[in-house]
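> These protein sequences, in sequence, are chains A, B, C and D. The first sequence begins at 810 in the numbering used here and counts up one residue at a time. The second sequence begins at 810 in the numbering used here and counts up one residue at a time. The third sequence begins at 163 in the numbering used here and counts up one residue at a time. The fourth sequence begins at 163 in the numbering used here and counts up one residue at a time.
Among the hints, erroneous ones may be present.
[What the hints assert, rightly or not] Listed next, the in silico EDC-like pairs over lysine to aspartate or glutamate satisfying Cα-Cα at most 20 Å (straight line):
{"hint": "1", "chain 1": "C", "residue 1": "256", "chain 2": "D", "residue 2": "192"}
{"hint": "2", "chain 1": "C", "residue 1": "256", "chain 2": "D", "residue 2": "199"}
{"hint": "3", "chain 1": "D", "residue 1": "256", "chain 2": "C", "residue 2": "207"}
[To be verified] Derived list of chain A stretches under chain D, where covered just means 3 residues or more per stretch with a C-beta under 8 Å from a C-beta of chain D:
{"hint": "4", "region": "828 to 838"}
{"hint": "5", "region": "860 to 868"}
{"hint": "6", "region": "882 to 890"}
No lab work stands behind these hints, which were simulated from the structure alone. Remember, it's a predicted structure, so these values are computed and weren't measured experimentally. In this text, a Cβ means the ideal position worked out from N, Cα and C, and glycines have one as well.
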Amino acid sequence: MKIQVLLFGPQAVITGRDRVLVEVDGVAPTPASVKDALRQALPQLAATLDQSRLAINHQYTTEDTPLCESDEVALIGMVSGG
Amino acid sequence: MKIQVLLFGPQAVITGRDRVLVEVDGVAPTPASVKDALRQALPQLAATLDQSRLAINHQYTTEDTPLCESDEVALIGMVSGG
Amino acid sequence: MIDRPVGPMPDEAVEVAGAVVCFRGVVRREESGRQLEGLVYTSYDPMAARELKRIAHRAAEQFGLLYVGITHSRGFVRIHETSLRLVVAAAHRKPALSAMDTILDELKRDAPIWKRPVWAENAEPIR
Amino acid sequence: MIDRPVGPMPDEAVEVAGAVVCFRGVVRREESGRQLEGLVYTSYDPMAARELKRIAHRAAEQFGLLYVGITHSRGFVRIHETSLRLVVAAAHRKPALSAMDTILDELKRDAPIWKRPVWAENAEPIR
């Protein structure tokens with residue numbers, strides 16, 4: 810299953826892109842497996858992935874929530890608001 | 810030695826006065842002895858004297874600071890600013 | 163009004179400030195379940211100003227503040243109106259918020275200021 | 163601007179508020195010792211508004227707040243200008259100050275907002 814992941818902030822700068830399409834195994838992959846796929850697809854993210862969270866449809870999610878193809882998935886890391 | 814003590818707030822209301830002249834023994838009496846004299850002169854203050862402090866010339870003072878006759882002495886208790 | 167801004171002027175403070183916090187203490191509409199018209203604040207005057215200044219300076223030093231301004235009302239303050247205003251500026255948020263807490267604690271403990279209620283039943287507020 | 167006042171309207175809040183605290187986060191003139199022209203804030207938009215609302219609601223419940231308003235700037239904010247404004251009203255001071263601290267911690271941790279520096283050397287600030 811192909812999942813599009815939105816990128817922001819320094820992670821968008823490091824990778825030079827604001828979204829990435831990753832291939833994830835399984836019918837309902839989890840955020841953890843999306844992170845693994847990101848690590849492979851964009852090695853520049855490796856150093857910051859552990860402190861990053863995935864948001865699904867604008868909400869932070871746990872590592873084992875199953876994903877649907879229609880979900881809006883975003884990688885949220887290195888935030889610096891305030 | 811006679812010392813005039815200024816009274817404020819509820820302590821002025823309880824005693825019905827904004828100052829009181831008390832007689833204190835010694836050449837250089839201390840705030841502690843002024844408090845004792847106040848306790849005798851105005852028994853209505855007894856309940857609040859322990860949580861009150863004396864100010865000498867607009868500064869809080871310790872119980873054993875010697876007093877001069879020219880000092881402005883005030884009893885500061887039951888404050889409620891803010 | 164007792165008004166004691168302390169420390170460098172706001173113009174200089176703003177050059178390095180990262181956090182500005184303003185606290186307003188507001189007279190509530192009741193006390194012990196009884197409706198208020200307002201509160202009358204009295205103070206022991208030269209000493210009240212001196213204590214506010216001392217508290218502000220001490221906090222400025224302890225927390226490295228860039229600006230402290232304390233304003234406390236005197237006389238009648240109607241309900242919903244501000245009786246106390248405290249402005250603190252610091253390079254960062256944490257010292258600004260800690261200082262605010264400390265300053266308010268010390269003000270309530272040390273400032274020779276007293277309030278007395280004017281109950282809503284009284285037609286004439288005391289001024 | 164992301165602007166999410168939360169809770170009862172100020173008019174109602176003022177009826178019972180005893181403490182109103184306003185926090186302003188100001189863009190400082192330098193970062194890591196280097197002069198700034200300002201900061202550019204970007205956000206993941208529907209989510210940023212949603213997170214601010216969630217944080218405000220949670221704090222309102224936890225601390226019994228009467229009013230919470232969070233405003234975060236988006237785009238270029240020049241040095242010495244305000245990037246974040248937080249207003250909290252409560253019956254008493256302690257919950258207002260604690261809530262402010264908690265809200266700011268959570269905002270910094272959870273709000274999908276990013277800043278990037280515009281250095282003073284750049285003649286053209288990025289907008």
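> For every hint, state whether the structure bears it out.
Evaluation of the provided hints:
1. C/256 with D/192: 19 Å, holds
2. C/256 with D/199: Distance ~24 Å between residue 256 of chain C and residue 199 of chain D Cα, so the pair is violated.
3. D/256 with C/207: 27 Å, violated
4. 828 to 838: violated (count 0)
5. 860 to 868: Coverage by chain D holds here, the residue count being 3 at a Cβ distance below 8 Å.
6. 882 to 890: With 6 residues closer than 8 Å to chain D, the region 882 to 890 of chain A meets the three-residue bar; holds.
Violated hints, in rising order: 2, 3 and 4; the structure is consistent with all others.
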